[in-house]
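Peer 1: All chains should be built: construct the whole structure from the sequences, respecting the hints.
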Amino acid sequence: MTIRTEGLALHAEQFKGRLNDYHDRFAALAGAYDGTSNQSAALEAVIDDYAAFVIDEDSQCAWAKLEAQLSVPPLRTLIESLRSASAQCVAIMEKYRAIRLLEGQIERSAYFRNIESCIEQEFGSFGVGSDATIVLVGSGAFPMTPLFVARQTGAAVIGVDIDPEAIALGRQVIDRLGEGLDIRLEGVSVDKLEAIGSATHIIFSSTVSVKYALLDRLHGLTGSDVVVAMRYGDRLKSLFNYPMEPVDARKWRLAETVLRPGQVFDIALYRKA
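Residue 0 is where the sequence shown starts when you use numbering that gives the first Met the number 0, and the numbers rise one by one after that.
FYI, nobody ran anything at the bench for these hints, they're computed from the structure. No residue lacks a Cβ here, since even glycine has one placed at the ideal position from N, Cα and C. Wrong hints could be hidden among the right ones.
What the hints assert, rightly or not - What follows is a set of in silico ranges between Cβ atoms, one per label pair, in the way DEER data are often shown:
#1 E79 to L176: 26 to 36 Å
#2 A31 to E102: 13 to 23 Å
#3 A31 to S188: 21 to 31 Å
#4 A272 to G34: 40 to 50 Å
#5 L74 to E178: 45 to 55 Å
#6 T256 to L74: 25 to 35 Å
#7 S80 to E244: 16 to 26 Å
#8 D181 to S80: 38 to 48 Å
#9 L258 to A167: 30 to 40 Å
#10 V71 to I161: 30 to 40 Å
#11 K250 to R17: 36 to 46 Å
#12 V71 to D181: 44 to 54 Å
#13 A27 to D130: 46 to 56 Å
#14 I161 to D20: 24 to 34 Å
Said to hold, decoys possible - In silico lysine-lysine, BS3-like type, Cα no more than 25 Å apart, as pairs:
#15 K271 to K250
#16 K271 to K191
#17 K250 to K191
#18 K15 to K64
Peer 2: And the structure:
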């Protein structure tokens with residue numbers, strides 16, 4: 000029993016060491032962002048490696064064995080800081096992708112391919128037709144979801160983001176790639192969006208830290224039939240995504256979950272209670 004405990008402690012230290020390494024690399028690359036694409040290849044490599052780590056079966060098994068130890072305050076603080084750092088770097092990588100597109104270059108990293116494969120079944124059994132109005136919260140500098148959904152369904156799509164640089168770049172990307180599509184981007188918080196009352200479907204990015212607080216506020220601002228797709232990540236995926244949280248049962252009910260073992264986030268679908 001002693002040997003097993005010591006082995007588990009060693010494994011925990013190795014796991015923590017890897018998390019610290021990712022955190023330091025993300026922090027350095029976030030600090031290097033200067034509005035150009037000079038560091039895009041380096042950041043893309045780290046994020047692709049991190050995404051592979053998060054969905055790797057061996058990593059998931061290690062997490063499951065160590066989950067009790069992961070709740071210890073110092074390690075929990077590291078996990079929360081790593082999640083924040085990786086979310087910041089995802090936003091920066093979208094800016095790199097937008098800048099490279101506008102410079103006449105385009106790349107398809109493993110991370111972006113994973114995200115784009117997730118988009119196709121975003122609403123599970125709740126279909127999206129051409130008469131829908133879809134709002135994406137956290138549209139980012141390279142608005143993949145608005146472009147994909149508008150192209151596939153013909154629906155109207157509104158992306159919102161509180162980062163002015165992301166909105167400015169995102170609008171240029173839409174101008175370049177979204178000709179003829181009904182897409183607009185707004186630099187406001189979703190609860191301040193004038194058109195929110197007409198939304199039929201709302202998608203929350205998994206890297207929006209306050210997404211459940213926003214969901215709570217949206218109850219009184221949205222229609223009775225609205226469907227909300229909340230991208231999230233629990234357990235090991237919580238290193239890369241903000242996890243699922245409880246909701247006020249008087250306002251929202253969990254209608255469906257879409258679990259994706261080989262993809263970086265899962266999806267919780269909510270309807271009004």
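Peer 1: Does the structure keep K15 and K64 at a Cα separation of 25 Å or less?
Peer 2: holds (13 Å)
Peer 1: For A31 and E102, compare the CB-CB distance with the range 13 to 23 Å and indicate the outcome.
Peer 2: Because 18 Å falls inside the window, the suggested range holds.
Peer 1: Regarding V71 and D181, is the given constraint of 44 to 54 Å on their beta-carbon distance met?
Peer 2: holds (49 Å)
Peer 1: Can you tell me whether the CB distance of A272 to G34 sits inside 40 to 50 Å?
Peer 2: holds (45 Å)
Peer 1: Range hint 38 to 48 Å: satisfied by the CB atoms of D181 and S80?
Peer 2: Between D181 and S80, where Cβ atoms are some 39 Å apart, the hint holds.
Peer 1: Taking 16 to 26 Å as the stated bounds, is the beta-carbon spacing between S80 and E244 within them?
Peer 2: holds (19 Å)
Peer 1: Does the hinted range 30 to 40 Å hold for V71 and I161 at CB?
Peer 2: Hint holds: Cβ distance 33 Å, inside 30 to 40 Å.
Peer 1: Sort out whether K250 lies within 25 Å of K271, counting only the CA atoms.
Peer 2: holds (6 Å)
Peer 1: Check the following: the C-beta atoms of A27 and D130 are separated by a distance inside 46 to 56 Å.
Peer 2: Holds, since A27 and D130 (Cβ atoms, about 47 Å apart) stay within the stated range.
Peer 1: For the hint 24 to 34 Å, verify it against the beta carbon of I161 and that of D20.
Peer 2: holds (30 Å)
Peer 1: Verify the CB-CB distance for K250 and R17 against the hinted window 36 to 46 Å.
Peer 2: Hint holds: Cβ distance 39 Å, inside 36 to 46 Å.
Peer 1: Quick check on a hinted range of 26 to 36 Å for E79 and L176, using CB atoms only.
Peer 2: holds (35 Å)
Checked against the numbered hints above, the structure breaks none of them.
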